[in-house]
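> Fit chain B to the given chain A structure using the hints.
This is what each chain is made of:
2 protein chains.
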Amino acid sequence: MKLFESKKSDDYIIIIGCGRLGANLANTLSDDDGNVLIMDTTKNAFRRLSSNYGGLSIVGDGTDLDALRDAQIEKASAVIAVTNDDNTNIMIAQLARDLFHVDRVIARLYDSERESVYQALGIDTICPAILSAKEVDKMLEKCGKEQIA
Amino acid sequence: MKLFESKKSDDYIIIIGCGRLGANLANTLSDDDGNVLIMDTTKNAFRRLSSNYGGLSIVGDGTDLDALRDAQIEKASAVIAVTNDDNTNIMIAQLARDLFHVDRVIARLYDSERESVYQALGIDTICPAILSAKEVDKMLEKCGKEQIA
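For the protein sequence lines, the chains are A and B, in the order given.
At position 80 of the first sequence the residue is numbered 79 (numbering that gives the first Met the number 0), and the sequence of numbers has no breaks.
At position 126 of the second sequence the residue is numbered 125 (numbering that gives the first Met the number 0), and the sequence of numbers has no breaks.
Okay, chain A solo, but in the shape it has when bound (with noise of 0.2 Å):
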């Protein structure tokens, strides 16, 4: 872990949130030997983190500008908003665009009739279901073409 060495890191990944989406990104991230800090409200989310986690845990509010200065946030390649709640994840992705001016930014959204707007404002989001929505899809097609074969 090099992390805070420069002034920007290639690779400081944070992520704001540590639900089920969120650990899942951070083990994968910190297992891939990238520099990774998750935040979360509450301490007790972290349980959902591997043993294996080589990355930081902070407890902190994700639209909170110390909390994302505690978590060095000017210094991030990436920043990674995924809380439950689709406001606070736009608002942190703002927040990080426009303030901290982090290069990357992608917000989960639950409520995916509001992705157009969000993309207009220029954040990329993830939207779990339309993800899941086209691998049923794929699913269903797969199947129909093993009956046809």
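Keep in mind the hints are simulated off the structure, nothing from the lab.
Worth double-checking, as some hints may not be accurate.
Each pair may be met inside one copy or between any two copies, as identical chains are not told apart.
[As the list claims (entries may be wrong)] With a Cα cut of at most 27 Å, we get these calculated BS3-like pairs of lysine-lysine:
id, residue 1, residue 2
1, 133, 74
2, 74, 42
3, 141, 42
4, 42, 133
5, 74, 137
6, 141, 74
The structure displayed is predicted, hence computed values, not measured ones.
Okay, now just chain B, sitting in the frame of chain A:
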């Protein structure tokens, strides 16, 4: 719609649970001219269906055998269990497969740690957190490559 003409329809799909994912799937599959039925315990859930939705929607409990028979599950080519509860989804999947001999059964699973158990039971699962984590990973990778290029 040629629903219920033959014993087994080639493309009669039952979706249980009209949350974001269920509604999204129902809208997509009905757009593709599939024969779709969606079931939910509350009528209010059907507000998520688009105005163009061309399938059926019935109020019922997907773990209730009579409700499944009312939906003519024995004629379904696929059953997709996407309620908000993992155990409910898995129970529906098992009923569909073992009792009604549905060829293709897919269950949504929030808890990715139980995925292997269900796959051992021969049930296809989709896990939104894993799909989303993969998507974020892809986005970050693409970003890294763009910076190098």
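> Hint numbers the structure violates, sorted upward?
Of the numbered hints, just 3 does not hold.
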